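Residue numbers (UniProt numbering), protein chains in the order written: chain A, 1 to 296; chain B, 1 to 317.
It is worth saying that the hints were derived from the structure and are not from the lab.
Please note that the accuracy of each hint is not assured.
As the list claims (entries may be wrong) - Here's a subset of chain B near chain A, in silico, CB distances under 10 angstroms, partners left out:
(1) Pro99
(2) Gly101
(3) Glu115
(4) Met136
(5) Met139
(6) Leu170
(7) Cys291
A quick note: this is a predicted structure, and the numbers were derived from the prediction, not measured.
The beta-carbon is built from N, C-alpha and C at its ideal position, and this holds for glycine as well.
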Amino acid sequence: MSLATNTPARPSALREFWYYFRENRGAVFGLIVFGAFLVIAALAPWIAPHDPTMQYREYTLVPPVWQEGGSWTFPLGTDPLGRDMLSRLIVGARFSFFVGIVVVTIASAGGIIIGLIAGFAPRWVDTLIMRLMDIVLAFPSLLLALVLVAVLGPSLTNAMIAIAIVLQPHYVRLTRASVMAERQKDYVTSARVAGAGLFRLMFVTVLPNCLAPIIVQAALSFSTAILDAAALGFLGMGAQPPTPEWGTMLAEAREFILRAWWVVTFPGIAILITVLAINLMGDGLRDALDPKLKRS
Amino acid sequence: MTQTPVMSASHLARHYSVGGGLFSKPQTLRALQDMDFELYAGKTLAVVGESGCGKSTLARVVTMIEEPTKGTLTLDGKPITPAEWGAFRQAVQIVFQDPYGSLNPRQRIGQILMEPLVINCPKMSKQDKEAKARQMLEMVGLRPEHFDRYPHMFSGGQRQRIAVARALMLDPKVLVLDEPVSALDLSIQSSILNLLIDLQERLGLAYLFISHDLSVVRHVADDVIVMYLGRAVEKGTKDAVFDAPKHPYTQALLSATPIADPEAEKHRIKLTGELPSPLNVPVGCAFAPRCWKATDKCRAERPELTGSDHLSACYYG
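Could you put the whole structure together from the sequences, leaning on the hints where they help?
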């Protein structure tokens with residue numbers, strides 16, 4: 001029958017991904033918010049109404065525009081040094097995204113590779129790697145990051161490296177666990193019978209089947225990275241003032257929480273919305289990437 | 001038989017070392033011992049036995065997933081050593097029992113079928129690979145539009161067809177079928193078996209058919225090996241083994257197969273006890289503790305597989 005051979009071409013991978021991603025409304029919402037933040041971060045210097053480090057000495061702690069005493073010059077008010085909150089938040093988006101992306105990339109790339117090795121290696125190598133990771137996990141994560149930054153010297157770059165090292169064991173464990181589970185399955189054996197080498201088995205056969213939990217972990221640790229960077233900034237070990245990093249802003253404004261609510265609330269809300277959007281997106285990503293959840 | 005065997009095995013054994021913690025000595029699990037067999041083109045050798053008797057270990061050793069501890073495997077007269085596995089891989093392929101675990105859920109059917117070619121024939125053009133995969137898809141009775149689908153969109157029987165197609169992509173000479181139909185519905189079983197028989201006739205394949213289902217074996221086999229606790233206890237042509245079983249274990253197994261005739265007389269031999277632990281194999285005949293014919297001689301000394309055409313490892317069979 002000619003009908004059977006005349007089937008429509010299958011949709012491109014991207015379109016298919018979008019079709020399944022669209023099903024999850026929360027994920028689409030997350031993606032939109034994430035995209036908006038990304039645009040803001042990319043265009044920050046052109047969008048921001050003021051220079052984020054410019055101190056307007058006569059306008060310290062001006063409330064936001066809708067409150068008594070607020071003005072359109074500073075829509076979200078100013079901080080104790082008279083710097084425009086809105087401009088600082090917009091430019092701060094850059095730093096937060098930068099921290100998140102760099103940390104997640106380093107931690108996940110390293111963690112996935114080490115986890116794959118641990119999953120495939122002979123038992124003693126596996127034991128060695130996992131005990132090392134246990135040692136890293138046994139430290140309170142912030143304390144370890146703090147020690148690392150103290151050794152490397154306080155700066156945003158070093159803070160990112162430290163956070164990446166602290167987050168890495170989670171990826172290693174997650175990857176190793178799913179590799180161990182997948183390795184037992186017959187399709188891996190049949191790939192071996194077909195002659196697949198170790199690298200092919202690791203990266204082509206097994207890894208794609210382990211990605212779903214890793215993607216969710218990446219989304220979650222994106223927010224952890226932002227929060228940890230903020231915490232390090234608060235302790236004077238991360239981004240140095242006057243860098244308008246959200247976490248550092250939050251920390252700097254702590255003593256004004258009762259007098260001027262906006263100096264702490266807005267950076268907090270910025271972090272909250274970003275983290276929430278990323279988590280929602282991560283969820284949708286997992287649903288769309290897992291073929292077992294697809295309907296035929 | 002004047003034909004030369006495609007593959008032959010002599011004294012094949014596979015031992016595992018188990019346990020061996022901090023305070024205990026590792027024990028040796030003898031999963032497979034002293035297996036001899038020959039596979040001929042176009043013929044099916046069936047291996048039967050209850051679970052835990054080493055059938056799947058045999059499959060893993062024959063497909064070069066695991067090294068034999070002892071013994072040799074030869075393919076076309078050339079001995080296979082672990083160092084040369086790569087060169088022999090293409091000639092021996094396997095179909096697994098569980099069609100739900102044997103296909104990579106992230107690959108489309110086309111990718112699954114082309115993977116063996118991607119690995120082994122880097123010179124082949126992409127069009128040729130795809131053409132061959134599509135041709136194979138048709139050969140196992142699937143439709144061309146299935147090429148771009150994912151495994152989860154198929155039923156168990158269709159998945160098993162895909163697994164067979166993948167195994168045939170490299171034009172193997174030997175196909176190991178590790179309980180290929182026991183996970184399937186009875187109605188699907190026969191269609192897969194007929195497909196396998198049909199492919200064997202067309203491609204001249206040698207099958208090593210592993211099963212615990214005697215009625216399936218009766219349907220497909222030319223020769224039969226009955227295994228008990230890692231050893232062959234009876235070996236012969238299908239007719240000889242099914243019509244005149246010599247070993248008491250074979251007799252017991254055969255008496256347990258249902259006969260679709262309510263009038264037929266049934267002499268069900270009931271075996272008591274369990275398969276002994278392969279960690280602690282009895283000194284004499286491994287079957288002696290469950291055998292109704294067992295004597296002191298059986299318990300003291302292990303009978304060898306003897307006979308010319310129809311071999312059996314029993315003093316009284």
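We went through each hint and held it up to the structure:
Hint status for Pro99(B): holds, given a least beta-carbon distance of 9 angstroms to chain A, under 10 angstroms. Against a cut-off of 10 angstroms between C-beta atoms, the interface hint on Gly101(B) holds, since the closest Cβ of chain A lies about 4 angstroms away. The closest approach between the C-beta of Glu115(B) and any C-beta of chain A is roughly 6 angstroms, which is under the 10 angstroms cut-off, so the hint is satisfied. Against a cut-off of 10 angstroms between C-beta atoms, the interface hint on Met136(B) is violated, since the closest Cβ of chain A lies about 14 angstroms away.
Interface restraint check: Met139(B) against chain A, minimum CB-CB distance 16 angstroms, threshold 10 angstroms, status violated. At about 7 angstroms, the closest approach between the beta carbon of Leu170(B) and any beta carbon in chain A falls short of 10 angstroms, and the interface hint on this residue holds. A cut of 10 angstroms between beta carbons decides the hint on Cys291(B): the least distance to chain A is about 35 angstroms, and the hint is violated.
Hint violations for this structure: numbers 4, 5 and 7, all remaining hints satisfied.
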